[in-house]
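The lines below spell out each chain.
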Amino acid sequence: MSAEVILIIVVGTALVFDFTNGFHDTANVVATSISTRAASPQVAVAFAAILNFVGAFISISVAATVANEVVDAAVVTPTVVFAGLIGAIAWNLATWYFGLPSSSSHALIGGVVGSAIAASGFDAVLADGVVGKVLTPAVVAPLLAFLVAGISIGIVYRIVGKQRPGTVTRGYRFGQIVSGGMLALAHGTNDAQKTMGIITLALIANGSLPEGADPPFWVIFSAAAAIALGTYSGGWRIIRTTGTRIIKMDAAQGFSAQGAGAAVILSSTHFGFPLSTTHVINGGVMGAGAGKRLSAVRWGVAGNIMMAWLLTLPAAAAIGALTYGVTHIFGDGAAGPVLVSIVALALTAAAFVRRARQAPVPVS
Amino acid sequence: MAVVIETKELLETIAASLVAGIGITVVFSIAIWGAARFVDLSVSERRLAAIGAAIVGITGLLATLAAAGFGLAVMMSE
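Top to bottom, those sequences are chains A and B. Each residue of the first sequence is one higher than the one before, counting from 15 in the numbering used here. Each residue of the second sequence is one higher than the one before, counting from 1415 in the numbering used here.
By construction, these hints were calculated from the structure, which means they are not laboratory data. Watch out, some of these pointers could steer you wrong.
To be verified - One-sided and incomplete, this derived list gives chain B residues near chain A with beta-carbon spacing under 7 angstroms:
#, residue
1, 1430
2, 1434
3, 1442
4, 1453
5, 1456
6, 1459
7, 1463
8, 1487
9, 1488
Glycine is no exception: its CB is placed at the ideal position from the N, C-alpha and C atoms.
All chains, full assembly: derive it from the sequences and hints.
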């Protein structure tokens, strides 16, 4: 009975994480389109939500979750996964609260690493996996997108710089709809799979599915629906940061940032070197600004974002470890996860209510 | 460390990202240049030059659509 309760809590928490993943990462897909008025905010988030939903069905190759490559699979229990998810959700909500775009994947990895350390010590961490799958991509992704977008915008201005602004702006706004669509599909494909993988692993660990089973349809559908709903809810604070606070963007810069982002994400997916969508898009936005003029980038805002990226892994790990420790006080049964879930829900509701009482966020 | 970082995949990703990212921006910009020149040349009634600009623009647009289609195919194949 206790195992079933924990399984239900893990599935529910994974779907909540998926929702915050969509909610947090809406900015990656729509911020530049909204900022350049390529699409209205409502249309942009609806379009992104639909394509995130569709993207989740494109591929179900969930043979291994990222978390499995950074911690020893033998120490991963449903309670470790639960504590890791709480760490990731807490960090996603904290960065949303302050309007900072940070990687949901790295938050998830950090949360699971922290809870695994709390459960089994530092031997549970696969250092090679952390360096190869987390730290190196975290450095490469923004730099690569920065370079591609920076070179692209330089070439763009040389090609169309002397043409009528009206036709040029309309053209790049149209281009942003297409590149934004590609990003939304790629995001749905990559990120919804993490939740599908976690739920599937929990079902296998519980004996509800045989070893090596594919995710059942209800898992695929619920993961797709959760990320799409999260996307539709729109993390407006982060949309504002990515869309208007890093640089004041024109349509050509928006297209260069999104085109660079889509190209980098698809290339990395194809060659098996997965990169964070958040790092790529924000690096692309900074590159599109710096390619026009270095001083066009608000480096103070960029510095805050990079600080959030640096803190993501240790902060989510600390919360994951703390959550595991609190859960463990109540033994191996369901009491700990139930209690932590209630407290987490109450804190989340308080954060939303506090933000809702403040002035609405202008996004364009 | 070279094994940990998967150098081959990293270099392939960097090369492909540069080619694809800059390539798609260039071909789409050529499409927009063609459209903008077509409008200008049509207004000044230089029909032959306008047709030439339109051909350049359509070629750029087709190249962009082909690149987007390739991107979709990559996504579907993973």
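Hint-by-hint comparison with the structure:
1. The beta carbon of residue 1430 of chain B comes within 4 angstroms of a beta carbon in chain A, closer than 7 angstroms, and the hint placing it at the interface holds.
2. The beta carbon of residue 1434 of chain B is positioned within 7 angstroms of a beta carbon in chain A (closest approach about 4 angstroms), and the interface hint is therefore held.
3. At a threshold of 7 angstroms, the smallest CB-CB gap from residue 1442 of chain B to chain A is about 5 angstroms, leaving the interface hint in force.
4. Among the interface hints, the one on residue 1453 of chain B holds; its C-beta lies about 6 angstroms from the nearest C-beta in chain A, closer than the 7 angstroms criterion.
5. Using the Cβ-Cβ criterion of 7 angstroms, the hint placing residue 1456 of chain B at the interface with chain A is not satisfied: the shortest such distance is roughly 12 angstroms.
6. For residue 1459 of chain B, the shortest C-beta to C-beta distance to chain A is roughly 17 angstroms, which exceeds 7 angstroms, and the interface hint is violated.
7. The beta carbon of residue 1463 of chain B is not positioned within 7 angstroms of any beta carbon in chain A (closest approach about 14 angstroms), and the interface hint is therefore violated.
8. Taken as an interface hint, residue 1487 of chain B does not check out: its beta carbon lies about 10 angstroms from the nearest beta carbon of chain A, beyond 7 angstroms.
9. For residue 1488 of chain B, the shortest C-beta to C-beta distance to chain A is roughly 5 angstroms, which falls under 7 angstroms, so the interface hint holds.
In summary, the structure is inconsistent with hints 5, 6, 7 and 8 from the numbered list given earlier, while agreeing with the others.
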